[in-house]
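Chains as they are written, first to last, in this note's numbering: chain A, 1 to 240; chain B, 1001 to 1245; chain C, 2001 to 2258.
Some clues are possibly wrong.
Claimed, not checked - Sample of chain B residues facing chain C (criterion: CB under 7 Å; computed from the structure): (1) Phe1022; (2) Val1048; (3) Phe1074; (4) Val1076; (5) Arg1077; (6) Met1082; (7) His1086; (8) Ala1088; (9) Phe1090; (10) Tyr1101; (11) Gly1102; (12) Leu1107.
I should point out that these hints are in silico values taken from the structure, not numbers from a laboratory. Ideal Cβ placement from N, Cα and C applies to all residues, glycine included.
Listed below, chain by chain, are the residues.
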Amino acid sequence: MNLPKHLARVFLSLFQKLHLGEFFRQLEFIGWRSLPTVLFCVSFAAMVTILESAFHMKMLIQNDALVPGFAALLILRELGAVIACLLLASRVGAGYAAEIASMRVTEQLDALKLLGIDRYWYLVAPRTWACALGGALLSVLACLVCLYAAFIISQVQLGQSSASFLAGMHAFVHFQDIFLAAIKGFCFGATIPVIASYYGFFGADGAEGVGQATTKSVVASSVTIIIIDFVLTWIFSHFY
Amino acid sequence: MLEFKSVKKSFETKTVLDGISFKTEVGEILFILGTSGTGKSVLLKLIVGLLNVSAGEIWLDEEKISDLKEEDLFPVRKKCGMVFQHPALFDSETVFGNLSYGIRPHLSGLSSGEIKKKVLENLEVVGLTEDLLEKKPSQLSYGMQKRVSLARTLCLQPEMLLFDEPTTGLDPVTTEAVNQLILNASRKYGSTSLVVSHDMKSALKVADRILVLDQGKIIELATPKEIVSSRVPLVQDFLSEVLND
Amino acid sequence: MISAVTGFLEKFGEGLLFTARILKLCLAGKVSYEGLFDQIWKVFKESLPTTMVAGFFVGAIMTVQFSLQIAPFGALGYLGGLATSATIREVGPLLIAFLLSGKIGAFTAAELGTMKVTEQIDAIRCLGSDPLTEVIAPRFMGIIVASLFLLVFGLILSVAGGLLMGALFSGINAQEYLRHIPTLISSLSVFTGLIKCLCFSFVIASVCTYLGHQTTGGARGVGQSVIHTAVFSMVSIVVADWLSSFILDSLLRSAGLL
Chain A
1 MNLPKHLARV
11 FLSLFQKLHL
21 GEFFRQLEFI
31 GWRSLPTVLF
41 CVSFAAMVTI
51 LESAFHMKML
61 IQNDALVPGF
71 AALLILRELG
81 AVIACLLLAS
91 RVGAGYAAEI
101 ASMRVTEQLD
111 ALKLLGIDRY
121 WYLVAPRTWA
131 CALGGALLSV
141 LACLVCLYAA
151 FIISQVQLGQ
161 SSASFLAGMH
171 AFVHFQDIFL
181 AAIKGFCFGA
191 TIPVIASYYG
201 FFGADGAEGV
211 GQATTKSVVA
221 SSVTIIIIDF
231 VLTWIFSHFY
Chain B
1001 MLEFKSVKKS
1011 FETKTVLDGI
1021 SFKTEVGEIL
1031 FILGTSGTGK
1041 SVLLKLIVGL
1051 LNVSAGEIWL
1061 DEEKISDLKE
1071 EDLFPVRKKC
1081 GMVFQHPALF
1091 DSETVFGNLS
1101 YGIRPHLSGL
1111 SSGEIKKKVL
1121 ENLEVVGLTE
1131 DLLEKKPSQL
1141 SYGMQKRVSL
1151 ARTLCLQPEM
1161 LLFDEPTTGL
1171 DPVTTEAVNQ
1181 LILNASRKYG
1191 STSLVVSHDM
1201 KSALKVADRI
1211 LVLDQGKIIE
1221 LATPKEIVSS
1231 RVPLVQDFLS
1241 EVLND
Chain C
2001 MISAVTGFLE
2011 KFGEGLLFTA
2021 RILKLCLAGK
2031 VSYEGLFDQI
2041 WKVFKESLPT
2051 TMVAGFFVGA
2061 IMTVQFSLQI
2071 APFGALGYLG
2081 GLATSATIRE
2091 VGPLLIAFLL
2101 SGKIGAFTAA
2111 ELGTMKVTEQ
2121 IDAIRCLGSD
2131 PLTEVIAPRF
2141 MGIIVASLFL
2151 LVFGLILSVA
2161 GGLLMGALFS
2171 GINAQEYLRH
2181 IPTLISSLSV
2191 FTGLIKCLCF
2201 SFVIASVCTY
2211 LGHQTTGGAR
2221 GVGQSVIHTA
2231 VFSMVSIVVA
2241 DWLSSFILDS
2251 LLRSAGLL
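Let the hints inform the model, and build the full structure from the sequences given.
Below, the structure written as structure tokens:
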């Protein structure tokens, strides 16, 4: 089966009555259990952003007072959502691809078919909704944690006061930025199970097949997220 | 030749071999039987040092081999050629590359002409032809892969052959073919063969002696003739399956 | 919970020891050279298209974001220099690392894992060779060397992406975009970028070879190794990124170069 057909079937399954049990289970896995890892990574990324922004600001205008504002913007618009979702692509995407590929190799997918259960309705739709929602939530949380980490490091490393950070942020950041970050997270998150299930459903057999499905899924998700990010950034730039 | 002296092997909490002692006789085919998970494969891996003993000693030709370090194990691995359960062929090499892997110039000091000669000889022993040499393992059937795997080990010219479940999961026709291969390989170099298996039928046909393991201990060690009248319950279970065919 | 942490630390320690052993082999030149060149080429060939595509789009994204922020300051002339500088120092190595960890890291873990569960690794030992020298070290070094080449290509493509967006979005032509690149990029920046790239590829190489080598449990085990590799690589890269930024920044500050 080729990609367009797969995408069409996924799309259709999304509007059928949702399997709520599966949906909540996946949401817990994606949202709750990925939370520590995502927040951990995102904090470090935030700190690096501050350091790098400071470096470039100093270079350009010999002044790093505006760093908090700029960095906050960059974090909200890009970093929070992208890093959170790239991590999801690794953890959740790889997990789904491996799980589904294993199910295929051990004939569980055939068993589903014989029981009259549509694998797209059962496996893909709940995960897609859960990942989209989870992606949005994690992106927002990531942004908030990022901002906090940036706050800390601008005091520690750059010696700025808390007041100036908050002032800088206030000048540059608007509520809509968080909202747009959530939208990004939603879109990125949605692509992960779609891609993972594609490679899980259609692939080679055996141990090799499972490994391949997992690998291709991670790479394809990552690149797709970057491309969608580009598209969304361009669209959103008209709202800033 | 090969002697196990009160060998024990444990993993974390599980004791897989519990005081195993036996000696092999030169040139014999010894089958090691037992139900799944009784540590039969572990026994073979201990000989070639892929695993280390928890207690006890293993001796080969008057030399203690159970405490050798990795660097010193190659002579042992040459003497005791291991044939794995999976063909374990290297996917990125051709059949020739696989067969000559253990006797490459820097390992054996042989010339490329001598290497080719050995490869062809052993290919013949396992009943395969020269036209396979340039193929890749993925292009061969499973049965052929198993034969190539055996030929690869034979190229080392081992004095002892260790077979890890050679017929597990194979159909009766292929099983028979493999049994024949085991006989040929042993006779070719006069090697001693240890065959780990849970196939009593093949054992009765091929083995000179049969050793039965249960719960990490040896519960029977006898020739096929003697074993059919064994009084040990588990052995009788094994036999009843075969004799009722 | 405690046992999970100690279990993790144990594995981490084992991983470090494993990496140390490979390093020792590499430094002693005990790597199978044929295998090494094979691997470098393979990694490069496999990752190049993805790197170029990603590089292009990331360059484009950064140009858009940066131009939005500096346009109010009338500093658009510096757009090219700024975007490129950020790419060389930070985004380039990070991006390459993320992509590599997925494509090559996960792939190598899967490959080595499959070799392990089909007893090929044991077979190598029984045939008189050392799996570390024959199979693992070449892959390890292959990843590190190839990543440097990939960085160069990724960079070129991100400049291309940036150029395009500079023209389409910010109305800056190619000349203007490229003009301040030499101004804003010092050899120190290039050095920083290279060090980061090496650090990250080192992390990826260690994680995937160790986890692949340790695989047990058949097909399912291979899948597990791949997942752990993907996640742990990413987390390690992010931490390594911060560590290297922090250390380099502190060093340069105290040396008065900042």
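(request) Go through the numbered hints given earlier and state which of them the structure violates, listing their numbers in rising order. (result) 1, 4
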